[in-house]
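Novice: Each chain sits in its own coordinate frame; assemble them with the hints.
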Amino acid sequence: MGRPPTEDDLVRRARGGDGDAYGQLVRQHQEMAFRTAFLITADRSDAEDATQEAFVKAHGAIARFRVGQPFRPWLLTIVANEARNRRRSTGRRQDLLRQASAEHGVDDGALLDPTPESALLTSERRRHLIAALDSLDLRDRQVIVCRHVLDLSERESANVLGCRPGTVKSRLSRALARLRSRLEDEAARND
Amino acid sequence: MTDIERALGELDPSRLFPATPDVESAVRRAIAQTEPPTRRAQPRQLRRTALTVAAIVIAATVTLMAASAGARSTLLELLGLEGTTVERGEPSTRNERPPALGRAVSLAEAERLADFEAAVPPLTALGPPTRVRYDPSVPPSGQISLTWGSLVLSEAQALGRPTFGKVVPADARIEAVEIDGQPGYWLSGSPHEVFRLLPPGTRRRQTARLAGDTLLWERGGLLLRLEGAGSKLAALAIARSMR
Numbered sequence: 001m002g003r004p005p006t007e008d009d010l011v012r013r014a015r016g017g018d019g020d021a022y023g024q025l026v027r028q029h030q031e032m033a034f035r036t037a038f039l040i041t042a043d044r045s046d047a048e049d050a051t052q053e054a055f056v057k058a059h060g061a062i063a064r065f066r067v068g069q070p071f072r073p074w075l076l077t078i079v080a081n082e083a084r085n086r087r088r089s090t091g092r093r094q095d096l097l098r099q100a101s102a103e104h105g106v107d108d109g110a111l112l113d114p115t116p117e118s119a120l121l122t123s124e125r126r127r128h129l130i131a132a133l134d135s136l137d138l139r140d141r142q143v144i145v146c147r148h149v150l151d152l153s154e155r156e157s158a159n160v161l162g163c164r165p166g167t168v169k170s171r172l173s174r175a176l177a178r179l180r181s182r183l184e185d186e187a188a189r190n191d
Numbered sequence: 001m002t003d004i005e006r007a008l009g010e011l012d013p014s015r016l017f018p019a020t021p022d023v024e025s026a027v028r029r030a031i032a033q034t035e036p037p038t039r040r041a042q043p044r045q046l047r048r049t050a051l052t053v054a055a056i057v058i059a060a061t062v063t064l065m066a067a068s069a070g071a072r073s074t075l076l077e078l079l080g081l082e083g084t085t086v087e088r089g090e091p092s093t094r095n096e097r098p099p100a101l102g103r104a105v106s107l108a109e110a111e112r113l114a115d116f117e118a119a120v121p122p123l124t125a126l127g128p129p130t131r132v133r134y135d136p137s138v139p140p141s142g143q144i145s146l147t148w149g150s151l152v153l154s155e156a157q158a159l160g161r162p163t164f165g166k167v168v169p170a171d172a173r174i175e176a177v178e179i180d181g182q183p184g185y186w187l188s189g190s191p192h193e194v195f196r197l198l199p200p201g202t203r204r205r206q207t208a209r210l211a212g213d214t215l216l217w218e219r220g221g222l223l224l225r226l227e228g229a230g231s232k233l234a235a236l237a238i239a240r241s242m243r
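So the protein lines, in turn, are chains Y and B. Per my numbering, residue 1 is the first one in the first sequence, and the count goes up by one each step. Per my numbering, residue 1 is the first one in the second sequence, and the count goes up by one each step.
The hints are simulated quantities; they were obtained by calculation from the structure and are not laboratory data. Quantities reported herein were computed from a predicted structural model and do not represent experimental measurements. Fair warning: there could be bad hints in the mix.
Stated by the list, open to error - Label-pair distances were calculated between CB atoms; the ranges are:
1) Y/Arg180 <-> B/Ala176: 47 to 57 Å
2) Y/Arg180 <-> B/Ala234: 42 to 52 Å
3) B/Glu10 <-> Y/Gln28: 16 to 26 Å
4) B/Glu175 <-> Y/Gln69: 19 to 29 Å
5) Y/Gln69 <-> B/Thr130: 32 to 42 Å
6) B/Asp3 <-> Y/Arg189: 18 to 28 Å
7) B/Ser106 <-> Y/Pro5: 44 to 54 Å
8) Y/Asp8 <-> B/Glu5: 30 to 40 Å
9) B/Gly189 <-> Y/Gln69: 29 to 39 Å
10) B/Ser25 <-> Y/Asp185: 45 to 55 Å
11) B/Thr2 <-> Y/Pro4: 34 to 44 Å
12) Y/Arg125 <-> B/Pro21: 29 to 39 Å
13) B/Arg103 <-> Y/Ser45: 29 to 39 Å
14) B/Ala104 <-> Y/His128: 39 to 49 Å
Unchecked claim - Covered stretches of chain B, going by a simulated chain Y footprint (3 or more residues, C-beta under 8 Å):
15) 19-32
16) 108-121
Ideal Cβ positions, reconstructed from N, Cα and C, are used throughout, including at glycine.
Chain B with its partners taken away, still in its complex shape (with noise of 0.2 Å):
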């Protein structure tokens, strides 16, 4: 330990920071506002078993509910990724385009506009990415998309509100997975249609495309996707490469 980190120690952060405002009585009043926590207090597996038995269920239980719009499913609150809606139902596009990305940058300028640090694969995974690209439209503060040819990688904070909405057709799967102890789920199968979702939950339908199979997971305050990797195997073993 150097003087200058001894030193540093020494602070006495009481010094360095306001008092500490007691939050306890408004947090418990917030709560108390709220559902009752016993509700979602569920053992995790009994959870993902429940999970489980959802899907097929809403699966088994498609066509009823590709008819009706609003039939969101609550997966993905169910699962974490507060990030992302998702919806049994027929997609209403057929494009196909890859996805507009935003404009070619440096990882480092990308960085710097996204405000924050992008999660990137060991090298030894992939090698660099052949491009990076940022789009300021997504919130809140815009995606970090690498690219590896047609693998994509796209990274944005996460909100506690949907950013993205997806719309799964009845034969895609939707499956639970777990990356560095933190949930996710792989879509797969059919195509299904991605779509960015404006507050308060309006959709902007010429965002809409067709997406391939899929890896979506939270990590360290960030949404990840990513498409385009072939298998489940291969979207796993890069998402968990990522340290």
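Isolated chain Y (complex conformation) (with noise of 0.2 Å):
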């Protein structure tokens, strides 16, 4: 009674057949799983699809997960590979940002901003960068996104990209450095 099940304890009552338990995974989890998805498909229901079928799958591994380790860097490990074998049956163009904003349309996000000015501001600058972003290749953008935007460790970044994280950190730097030159090269046309 009391305090909230903890992550191992989900996992340990997973494991031991408490769909319950894994229910609760899944919900904790899903988020981070299908944008990670969608980091690599660009295709919402091919994300869905992934996400979903990773957790079937992490699922029927889960006796194979180590109880004490943390579940996110493990099951998108298994996102990712779901994910790449959709992308690659398709052999679809990545489009992530401007796809994702086009469903978001506006950016009303502008609203939120205290003075007219600075809302302006504000908006131009985040629609540069997203322009920005949008415009490097695909690796460059996946690497920042997960780092920065996901927020992901260098470790979960290594393996959603299936790379090495130290390798993580040196194509995160050539990305910066693209994504500066990019925005530099954007302002000194509006100048």
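Specialist: Below, the structure written as structure tokens:
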């Protein structure tokens, strides 16, 4: 009674066949799992399928999971594999941010800003940043989004991108440099 | 933290990604239709013990099993290496030629073709590979092989279904090992037969060959095979040096 179950509790119970405990793990991690899958598939229904399948596979393999380790990095590896299998089968070009922004329509986040001037500035800056991110190639975009937008750890990003953690670091710094130069080019054009 | 990193951190992911669908009920339905998880949910140690016992039993009854063609072991499924199936039996080939590993390319080119980043042992362990080869015929995106003389490290993305089969003779050993917390196994003793599996499990016998002592393990979504390391200790040291 009292304290809410920890992740270890949930994993232990799920291993013992407790469907409610596994359901709770799914609820806790489905958002990050789906976004990770979308980062790779750039398609909402493929990402949803990959997420679903990954949770089913993770459940089948949960006996191999080490209790005491964080669940998310392990899960995200499975999610990324599922997502990659789907991307390869469709050979779709990635348009992550463009597609997502289109779905959300205009940037009405500006309405939350205190003054019209700062609102305009903020929303313009955001729009430029997203456009610049979108103009990067897939690898650059993925590593930046993993680390700075989804806030995944270096290890988790490595699992998702299928590379070594050290590579995440070097790839990220090159990608940020390219992002900076895109933004500077854009600024120079507007001056 | 730079201004760009700060600005990126302020982007709201819920505005960049579509709304997250609720997959819980679909997952629970799918799980309910599969086997009850309790059967697979034994504690790890117990599973290992069961595995060892199973290996001994398989070895002891190998003459019987060798007679039956369908005596596929679930050893690897238990271990978690789903990219390979193992049967006990007498290899049907005497082909001892080195494996056909595909054409020689640069590492960068191989990685581009295979669409994954190869796991490479640190230079201090082995030095740069003498050759890198890419074989597009291994699912799902081809196989990258790094060679240092007769030492061969082959890598392919791990699929949910097996892509390689192995026939292991009675006097060969299958030993469970652990590499960075991931299960793997060490095949040693007599040469075993390796062949490609084509979906749905058909064999392409012309790819069959005899392989020497081999370490098999999974790492970061890749199925890795190391052949020609000379000893279990050397193979494990190479595998564990990879970060």
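Novice: Per the hint of 29 to 39 Å, is the separation of the Cβ atoms of Y/Arg125 and B/Pro21 within bounds?
Specialist: 31 Å, holds
Novice: CB of Y/Arg180 to CB of B/Ala176, is that within 47 to 57 Å?
Specialist: 49 Å, holds
Novice: Should the hint that Y/Asp8 and B/Glu5 are 30 to 40 Å apart at their CB atoms be regarded as holding?
Specialist: 33 Å, holds
Novice: Regarding B/Arg103 and Y/Ser45, is the given constraint of 29 to 39 Å on their beta-carbon distance met?
Specialist: Once the Cβ atoms are compared, 37 Å apart, the range 29 to 39 Å for Y/Ser45 and B/Arg103 holds.
Novice: Between Y/Gln69 and B/Thr130, does the beta-carbon spacing fit 32 to 42 Å?
Specialist: 37 Å, holds
Novice: At the C-beta level, are B/Ser106 and Y/Pro5 separated by a distance inside 44 to 54 Å?
Specialist: 51 Å, holds
Novice: Taking 34 to 44 Å as the hint, is the beta-carbon distance of B/Thr2 and Y/Pro4 inside that range?
Specialist: Given range 34 to 44 Å: holds, Cβ gap about 38 Å.
Novice: For Y/Arg180 and B/Ala234, compare the CB-CB distance with the range 42 to 52 Å and indicate the outcome.
Specialist: With Cβ atoms ~45 Å apart, the hint holds.
Novice: Would you say the C-beta atoms of B/Asp3 and Y/Arg189 sit inside 18 to 28 Å of each other?
Specialist: Holds - the Cβ-Cβ distance for B/Asp3 and Y/Arg189, about 19 Å, lies within 18 to 28 Å.
Novice: Tell me if chain Y covers the stretch 19-32 of chain B under the three-residue, 8 Å CB rule, please?
Specialist: As far as the stretch 19-32 of chain B goes, the hint holds, because 11 residues have Cβ atoms under 8 Å from chain Y.
Novice: Falls inside 39 to 49 Å, the C-beta gap from B/Ala104 to Y/His128?
Specialist: Distance hint for B/Ala104, Y/His128 holds at roughly 45 Å.
Novice: Assuming the hint says 29 to 39 Å, is it satisfied by the Cβ distance from B/Gly189 to Y/Gln69 or not?
Specialist: 34 Å, holds
Checked against the numbered hints above, the structure violates none of them.
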